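Undergrad: Sequence:
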Amino acid sequence: MVDLQSERVSPVHPFLRVGVDYCRPFLIKYPVRHATPTKPYVAIFICLVTKDSVIRGAIEDGTEFPFIPARSPNFGGLWKAAVKSFKGHFKRTIGDRVLQYDEMITVLPQVEAILNSQPHTLVSNDLSDFGALTPGHFLVQRPLTTVPS
-4 MVDLQSERVS
6 PVHPFLRVGV
16 DYCRPFLIKY
26 PVRHATPTKP
36 YVAIFICLVT
46 KDSVIRGAIE
56 DGTEFPFIPA
66 RSPNFGGLWK
76 AAVKSFKGHF
86 KRTIGDRVLQ
96 YDEMITVLPQ
106 VEAILNSQPH
116 TLVSNDLSDF
126 GALTPGHFLV
136 QRPLTTVPS
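When the letters of the sequence shown are read in order and numbered with our numbering, they come out as residues -4 to 144.
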């Protein structure tokens, strides 16, 4: 079995080592009469230390997109999984609608909060304590989403 990369196991601050992947372009429209829809890409930044996800929109104009080699499953597995999770949550939320810009910048942080709320491990050994350590704890030192009481 191959050893893990040193970037994945050495103790460093969150987001010092990052992987980036882009999702396919989504159609959005601006709230201007007769505006044609634009195609922004969604960039997902994955912290290789804490597995936090940060999602940002990237307009196609003037953005350089470096790619990993084609047909190489050993590259970028962590952020490919994050893209798959993002697409699943986004598709279940939006469907095939064309969003307006304001709607898109509202939905992206909500999906980001869901991705960063997936538990890593339990906080305590008490079976009645349902608290879990999530990637959101490394971002804001508290859970990003909570169960309503």
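The hints are simulated quantities; they were obtained by calculation from the structure and are not laboratory data.
Treat the numbers as computed from the prediction; the structure is a model and nothing was measured.
A couple of the hints might just be wrong.
[Said to hold, decoys possible] Calculated cross-link-like contacts (lysine-lysine; reagent style BS3-like; alpha-carbon spacing at most 27 Å): (1) LYS46 with LYS24; (2) LYS24 with LYS34; (3) LYS34 with LYS82; (4) LYS86 with LYS34; (5) LYS75 with LYS46; (6) LYS34 with LYS79; (7) LYS24 with LYS82.
[Unchecked claim] Label-pair ranges, simulated between beta-carbon atoms: (8) VAL(-3) with TYR96: 43 to 51 Å; (9) THR33 with ASP124: 23 to 31 Å; (10) VAL13 with HIS84: 29 to 37 Å; (11) ALA65 with GLN113: 26 to 34 Å; (12) VAL4 with HIS29: 50 to 58 Å.
The beta-carbon is built from N, C-alpha and C at its ideal position, and this holds for glycine as well.
Undergrad: Are the hints correct? Go through all of them and say.
TA: The hints, checked one at a time:
At most 27 Å may separate the alpha-carbon atoms for a hinted pair to count; LYS46 and LYS24 exceed this at roughly 32 Å. Between LYS24 and LYS34 the alpha-carbon distance is near 9 Å, which keeps this suggested pair within the 27 Å criterion. Taking the CA atoms of LYS34 and LYS82, the gap is about 16 Å. The hint holds against a cut of 27 Å. This hinted pair checks out: LYS86 and LYS34 have alpha carbons roughly 16 Å apart, not beyond 27 Å.
Simply put, LYS75 and LYS46 have alpha-carbon atoms about 12 Å apart, close enough for the 27 Å limit, and the pair holds. Our distance criterion of 27 Å between C-alpha atoms is met by LYS34 and LYS79, whose separation comes to about 19 Å. Annotation: proposed proximity of LYS24 to LYS82 holds, straight-line Cα distance about 19 Å (limit 27 Å). Between VAL(-3) and TYR96 the Cβ separation comes to about 44 Å, which falls inside the hinted range of 43 to 51 Å.
Distance hint check for THR33 and ASP124: the Cβ-Cβ separation is about 47 Å, which falls outside the suggested range of 23 to 31 Å. For VAL13 paired with HIS84, a C-beta distance near 21 Å fails the hint of 29 to 37 Å. For ALA65 paired with GLN113, a C-beta distance near 29 Å keeps the hint of 26 to 34 Å intact. Restraint check, VAL4 to HIS29: a C-beta distance of roughly 54 Å satisfies the suggested window 50 to 58 Å.
Violated hints for the displayed structure, listed by number in ascending order: 1, 9 and 10.
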